[in-house]
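Protein chains: 2
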Amino acid sequence: MAVYTEVADDELHAFMAGYDLGNVLSFKGIAEGVENTNYLIHTDAGPQILTLYEKRVSTKDLPFFLGLMEHLASSGLACPVPVRDREGQMLRELAGRPAAVISFLEGLWVRRPTTDHCAALGQTLAKLHIAGKNFAMNRANALSVTGWRPLYEASGNGADTIAGALHHELGEELDALEKGWPRDLPQGVIHADLFPDNVFFLGKEISGVIDFYFACNDALAYDIAICLNAWCFEPDAAFNITKARALLRAYTALRPFTEEELEALPILARGAAMRFLLTRIYDWLNTPAEALVRPKDPMEYVRKLRFHRGVGSARDYGLGE
Amino acid sequence: MAVYTEVADDELHAFMAGYDLGNVLSFKGIAEGVENTNYLIHTDAGPQILTLYEKRVSTKDLPFFLGLMEHLASSGLACPVPVRDREGQMLRELAGRPAAVISFLEGLWVRRPTTDHCAALGQTLAKLHIAGKNFAMNRANALSVTGWRPLYEASGNGADTIAGALHHELGEELDALEKGWPRDLPQGVIHADLFPDNVFFLGKEISGVIDFYFACNDALAYDIAICLNAWCFEPDAAFNITKARALLRAYTALRPFTEEELEALPILARGAAMRFLLTRIYDWLNTPAEALVRPKDPMEYVRKLRFHRGVGSARDYGLGE
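Chains F and H, in that order, are what the protein sequence lines are. All you need for the working numbering is the position in the first sequence, starting with 1, plus 386. All you need for the working numbering is the position in the second sequence, starting with 1, plus 386.
Hint data in this document are derived by calculation from the structure and do not stem from the laboratory. Any given hint might turn out to be false.
The list treats identical chains as one, so a pair stands whether inside a single copy or across any two.
Stated by the list, open to error - The calculated EDC-like cross-link candidates involving lysine to aspartate or glutamate, where the alpha carbons are at most 20 Å apart (straight line), are: (1) K565 - E456; (2) K565 - E473; (3) K682 - E392; (4) K590 - D447; (5) K590 - D430; (6) K590 - E646; (7) K590 - D396; (8) K682 - D604; (9) K590 - D395; (10) K519 - E421; (11) K446 - D395; (12) K590 - E397; (13) K441 - D683.
Because the structure is a prediction, the values reported are computed rather than measured.
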């Protein structure tokens with residue numbers, strides 16, 4: 387939620403002269419994106435986002451992220467499109483950082499998603515998975531099951547400062563996930579971070595999906611498990627099965643689940659809760675007090691994880707009855 | 387440089403329904419404005435700024451600031467115009483804060499102003515002063531000469547942690563300013579904070595002046611003294627007389643100085659340097675490490691103050707020869 391890298395007006399003019407976007411009419415640093423610096427630029431050719439990639443994003447992954455956005459947009463998914471400069475490049479450098487200009491998407495993200503929003507999300511997620519099928523590049527999911535133990539160990543007993551005996555509880559859960567994690571589910575490109583702030587709506591329609599900087603190849607159903615966590619719980623931690631059913635039905639209408647996916651849904655949901663819980667715990671324990679970004683509350687995901695542990699089958703998510 | 391107050395999408399929709407601006411297409415918190423929270427909103431009627439006034443701005447002053455912008459804009463000055471809601475109100479409430487929608491101005495602020503930029507500034511400042519003459523409301527300048535001693539005393543010997551014996555040096559300077567401060571100069575509405583980041587350019591033309599939240603009634607020439615400090619020094623602290631001459635000539639071509647103003651220019655410039663030095667010292671000593679806003683370096687204004695103390699007459703600023 388911050389501008390980490392300041393760009394001067396003359397630097398910006400020189401940079402933007404490389405694009406076929408006409409004059410720069412304004413530029414404002416925007417308080418969005420935890421990882422990168424984003425400017426909203428008004429140009430003669432319309433509004434654009436200028437992103438400067440900060441240290442937490444690995445430079446070698448940028449061609450995957452930008453290429454994926456271009457691929458998905460050309461397949462008809464509403465998402466930002468990297469603008470190529472006059473030499474055909476999507477990725478350049480500005481103020482000592484890798485930088486890209488990306489088309490601006492109108493729309494607002496929804497703080498309190500309704501069942502309608504969840505249904506729209508399910509449909510869009512299925513479209514994303516279908517459109518991603520013939521994308522040629524690959525990127526492993528650094529935050530899948532094999533990435534969790536190092537994160538868990540990095541926080542160690544510190545987790546117990548968040549909730550008593552949490553370190554032990556997560557250790558047992560991690561053992562179970564590593565043992566039971568499904569490995570043969572249908573794979574493809576997943577968004578991997580499709581929280582409400584990454585989905586823009588105009589009215590009840592999705593106007594676009596943003597922030598592909600965690601996208602990777604993994605089990606498609608794992609992406610749905612992330613969305614169940616991010617969209618289908620109420621502020622009081624109650625699971626809203628009506629929203630989950632709407633999401634899952636809209637998704638499976640376009641891409642039906644295999645029997646194995648249906649069966650794996652509860653463990654995938656536990657894994658997804660674990661993944662966000664572990665990064666939240668890490669950030670909670672390691673964000674300096676003077677940081678520009680406030681860490682998110684890990685307890686929200688402790689409660690979600692505990693809910694999923696009590697789930698018997700995909701029926702509990704509103705599917706299959 | 388921060389979003390202090392978060393606004394949810396449904397709160398925003400409810401608020402914006404009070405205006406005749408059509409649909410809200412997007413809104414982004416922008417990293418501009420140290421005192422207030424600003425959102426850039428795209429609406430069917432074009433881009434707007436939504437400002438939420440935070441604690442440092444006194445609510446009782448808001449009708450003056452908003453009324454002034456409306457007055458200046460209707461007098462032909464390029465500045466943001468407060469948008470009135472369907473009931474004719476400029477000032478409303480959102481998320482527990484006083485809030486206003488203000489027209490968005492295209493343009494970029496210039497990090498390294500040239501002589502041409504300074505000339506354009508002089509002309510615009512004169513227009514602002516002329517347009518302000520028949521504005522009916524009044525607001526005293528809380529940061530004029532009588533406001534400096536309390537600020538000076540609030541920092542006390544802390545100033546010496548910035549430069550050795552600075553507390554003593556400023557005490558002597560303050561005595562001299564209080565004794566010699568001119569009281570009978572032509573008065574009017576001044577901007578009082580016309581730094582480069584408050585002046586937008588499109589090419590060499592000024593597209594607008596923003597941030598009227600220090601505006602007040604005071605000596606018109608004091609506003610020029612602020613600009614001499616803010617626009618006419620180089621990064622190495624050298625005074626650029628060519629820029630000052632361009633600024634002053636462009637200004638006086640539209641509003642000639644009186645003899646008294648010409649004579650007072652050096653002490654006004656010392657006073658303006660003192661005013662920004664004192665608030666910078668205060669902020670330097672009192673900004674907590676975890677603050678979202680980094681304080682500005684006071685030493686820049688120590689050097690400027692020392693320069694003005696060596697000035698003999700307005701001739702040294704490029705005028706009167």
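The hints, checked one at a time:
no. : hint        : result
1   : K565 - E456 : neither (37 Å within a copy, 68 Å between copies)
2   : K565 - E473 : neither (50 Å within a copy, 64 Å between copies)
3   : K682 - E392 : between (26 Å within a copy, 15 Å between copies)
4   : K590 - D447 : neither (33 Å within a copy, 40 Å between copies)
5   : K590 - D430 : between (29 Å within a copy, 17 Å between copies)
6   : K590 - E646 : neither (32 Å within a copy, 65 Å between copies)
7   : K590 - D396 : between (41 Å within a copy, 13 Å between copies)
8   : K682 - D604 : neither (25 Å within a copy, 47 Å between copies)
9   : K590 - D395 : between (38 Å within a copy, 13 Å between copies)
10  : K519 - E421 : neither (27 Å within a copy, 48 Å between copies)
11  : K446 - D395 : neither (28 Å within a copy, 35 Å between copies)
12  : K590 - E397 : between (40 Å within a copy, 16 Å between copies)
13  : K441 - D683 : neither (24 Å within a copy, 27 Å between copies)
Checked against the numbered hints above, the structure violates hints 1, 2, 4, 6, 8, 10, 11 and 13; every other hint is satisfied.
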